[in-house]
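A.B. asks: Work the whole structure out from these sequences, hints included.
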Amino acid sequence: DAGITQSPRYKITETGRQVTLMCHQTWSHSYMFWYRQDLGHGLRLIYYSAAADITDKGEVPDGYVVSRSKTENFPLTLESATRSQTSVYFCASTRSSYNEQFFGPGTRLTVL
Amino acid sequence: QQQVKQSPQSLIVQKGGISIINCAYENTAFDYFPWYQQFPGKGPALLIAIRPDVSEKKEGRFTISFNKSAKQFSLHIMDSQPGDSATYFCAASVSGAGSYQLTFGKGTKLSVIP
Numbered sequence: 001d002a003g004i005t006q007s008p009r010y011k012i013t014e015t016g017r018q019v020t021l022m023c024h025q026t027w028s029h030s031y032m033f034w035y036r037q038d039l040g041h042g043l044r045l046i047y048y049s050a051a052a053d054i055t056d057k058g059e060v061p062d063g064y065v066v067s068r069s070k071t072e073n074f075p076l077t078l079e080s081a082t083r084s085q086t087s088v089y090f091c092a093s094t095r096s097s098y099n100e101q102f103f104g105p106g107t108r109l110t111v112l
Numbered sequence: 113q114q115q116v117k118q119s120p121q122s123l124i125v126q127k128g129g130i131s132i133i134n135c136a137y138e139n140t141a142f143d144y145f146p147w148y149q150q151f152p153g154k155g156p157a158l159l160i161a162i163r164p165d166v167s168e169k170k171e172g173r174f175t176i177s178f179n180k181s182a183k184q185f186s187l188h189i190m191d192s193q194p195g196d197s198a199t200y201f202c203a204a205s206v207s208g209a210g211s212y213q214l215t216f217g218k219g220t221k222l223s224v225i226p
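Quick mapping for you: the protein sequence lines, in order, are chains Y and R. Each residue of the first sequence is one higher than the last, beginning at 1 in our numbering. Each residue of the second sequence is one higher than the last, beginning at 113 in our numbering.
Quick caveat, the hints were computed from the structure, so don't treat them as lab data. We put the CB at the ideal spot given by N, CA and C, even for glycine. A couple of the hints might just be wrong.
To be verified - Coverage of chain R stretches by chain Y, computed from C-beta distances (three or more under 8 Å per stretch; other residues unrestricted):
no.: 1; region: 152-165
no.: 2; region: 216-226
Stated by the list, open to error - Quick list of in silico lysine to any residue cross-link-like pairs, SDA-like style, CA-CA up to 20 Å:
no.: 3; chain 1: R; residue 1: Lys221; chain 2: Y; residue 2: Asp38
no.: 4; chain 1: R; residue 1: Lys154; chain 2: Y; residue 2: Asp38
no.: 5; chain 1: R; residue 1: Lys221; chain 2: Y; residue 2: Gly58
no.: 6; chain 1: R; residue 1: Lys154; chain 2: Y; residue 2: Thr86
no.: 7; chain 1: R; residue 1: Lys154; chain 2: Y; residue 2: Gly3
no.: 8; chain 1: R; residue 1: Lys154; chain 2: Y; residue 2: Lys57
no.: 9; chain 1: R; residue 1: Lys127; chain 2: R; residue 2: Ser197
no.: 10; chain 1: R; residue 1: Lys221; chain 2: Y; residue 2: His41
no.: 11; chain 1: R; residue 1: Lys154; chain 2: Y; residue 2: Arg44
no.: 12; chain 1: Y; residue 1: Lys57; chain 2: R; residue 2: Gln115
no.: 13; chain 1: R; residue 1: Lys154; chain 2: Y; residue 2: Asp53
no.: 14; chain 1: Y; residue 1: Lys57; chain 2: R; residue 2: Ser207
no.: 15; chain 1: R; residue 1: Lys170; chain 2: Y; residue 2: Glu100
no.: 16; chain 1: R; residue 1: Lys154; chain 2: Y; residue 2: Glu100
no.: 17; chain 1: R; residue 1: Lys154; chain 2: Y; residue 2: Leu39
no.: 18; chain 1: R; residue 1: Lys154; chain 2: Y; residue 2: Met22
no.: 19; chain 1: Y; residue 1: Lys11; chain 2: Y; residue 2: Thr26
no.: 20; chain 1: R; residue 1: Lys169; chain 2: Y; residue 2: Glu100
no.: 21; chain 1: R; residue 1: Lys117; chain 2: Y; residue 2: Pro8
no.: 22; chain 1: R; residue 1: Lys117; chain 2: Y; residue 2: Thr86
no.: 23; chain 1: R; residue 1: Lys221; chain 2: Y; residue 2: Leu39
no.: 24; chain 1: R; residue 1: Lys183; chain 2: R; residue 2: Gln213
no.: 25; chain 1: R; residue 1: Lys154; chain 2: Y; residue 2: Ser7
no.: 26; chain 1: R; residue 1: Lys117; chain 2: Y; residue 2: Val60
no.: 27; chain 1: R; residue 1: Lys221; chain 2: Y; residue 2: Gly40
no.: 28; chain 1: R; residue 1: Lys154; chain 2: Y; residue 2: His41
no.: 29; chain 1: Y; residue 1: Lys57; chain 2: R; residue 2: Val206
no.: 30; chain 1: Y; residue 1: Lys11; chain 2: R; residue 2: Pro152
As the list claims (entries may be wrong) - Chain Y side only, calculated, beta carbon under 7 Å to chain R, not exhaustive:
no.: 31; residue: Gly16
no.: 32; residue: Leu39
no.: 33; residue: Ala51
no.: 34; residue: Ala52
C.D. replies: And the structure:
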């Protein structure tokens, strides 16, 4: 099916472990984004990408790494997870000539 | 620095009433102001958006009012229904910046009671 998907939908991990959250879109959108959503903070941008192999930091990038070798995929890696990274993570994408962002269903990550 | 301030944090409205959510921004370069609706367990979805060349935009029961001089915009939901119960986020971006980044408000949880 066309759209934007995220996996896993739920993840429990331990402090210090590496975790990778996957994001895949079928629209060939140029721009992709990673947000985290926390109560009282709304949606905060972690990283974004304008195209394959082009990424840039957002508001809260510390502790996260991204890559984008293919237009349709934009994985987010927590290299050494911390409890403060417990959150709901959303991936989004948009066409280069429009502002509307299409969001995935989210990944709920718990770091114990 | 919070560039988009949203209020109230939560709102309870009777069915059939008007729900009003307000946002204020600081960056005068913002030129695109969308509202997103999010149901529990789902990702946000675009509800309605406005650009500063108009003062109001209406789509069905949803209206955005925009006041450029005051740097404020608001969402009005007319004839609110229980199905409108969700979290609403205002956002803003600069179209010409090339990054299409959205700066979000912190959200308003709307509950419409029968």
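A.B. asks: Next step is simple, just say for each hint if it's right about the structure.
C.D. replies: So, going through the hints one by one against the coordinates:
1. 152-165: Held - the region 152-165 of chain R has 7 residues with a Cβ nearer than 8 Å to chain Y, which meets the minimum of three.
2. 216-226: holds (count 4)
3. R:Lys221 to Y:Asp38: holds, 14 Å
4. R:Lys154 to Y:Asp38: holds, 14 Å
5. R:Lys221 to Y:Gly58: Violated. Lysine 221 of chain R to glycine 58 of chain Y sits at ~25 Å, over the 20 Å cutoff.
6. R:Lys154 to Y:Thr86: Judged against 20 Å, a Cα distance of about 17 Å means the pair holds.
7. R:Lys154 to Y:Gly3: holds, 14 Å
8. R:Lys154 to Y:Lys57: With Cα atoms ~25 Å apart, lysine 154 of chain R and lysine 57 of chain Y exceed 20 Å; violated.
9. R:Lys127 to R:Ser197: holds, 10 Å
10. R:Lys221 to Y:His41: holds, 13 Å
11. R:Lys154 to Y:Arg44: holds, 16 Å
12. Y:Lys57 to R:Gln115: At roughly 17 Å apart (the allowed maximum being 20 Å), glutamine 115 of chain R and lysine 57 of chain Y satisfy the hint.
13. R:Lys154 to Y:Asp53: Roughly 29 Å separates the two Cα atoms, so the pair is violated.
14. Y:Lys57 to R:Ser207: holds, 18 Å
15. R:Lys170 to Y:Glu100: The given pair, whose Cα atoms are some 17 Å apart, holds under the 20 Å limit.
16. R:Lys154 to Y:Glu100: holds, 17 Å
17. R:Lys154 to Y:Leu39: holds, 15 Å
18. R:Lys154 to Y:Met22: holds, 17 Å
19. Y:Lys11 to Y:Thr26: violated, 24 Å
20. R:Lys169 to Y:Glu100: Holds, because 16 Å separates the two Cα atoms, which is no more than 20 Å.
21. R:Lys117 to Y:Pro8: violated, 32 Å
22. R:Lys117 to Y:Thr86: Violated. Lysine 117 of chain R to threonine 86 of chain Y sits at ~24 Å, over the 20 Å cutoff.
23. R:Lys221 to Y:Leu39: holds, 11 Å
24. R:Lys183 to R:Gln213: Distance ~19 Å between lysine 183 of chain R and glutamine 213 of chain R Cα, so the pair holds.
25. R:Lys154 to Y:Ser7: Holds. Lysine 154 of chain R to serine 7 of chain Y sits at ~14 Å (cutoff 20 Å).
26. R:Lys117 to Y:Val60: This hinted pair holds, its Cα atoms lying about 18 Å apart.
27. R:Lys221 to Y:Gly40: Holds: lysine 221 of chain R and glycine 40 of chain Y sit about 11 Å apart, inside 20 Å.
28. R:Lys154 to Y:His41: holds, 17 Å
29. Y:Lys57 to R:Val206: holds, 17 Å
30. Y:Lys11 to R:Pro152: Answer holds: lysine 11 of chain Y to proline 152 of chain R is near 18 Å, not above 20 Å.
31. Gly16: Violated, about 29 Å.
32. Leu39: violated, 9 Å
33. Ala51: violated, 11 Å
34. Ala52: violated, 16 Å
The structure is inconsistent with the numbered hints 5, 8, 13, 19, 21, 22, 31, 32, 33, 34, although it conforms to all the rest.
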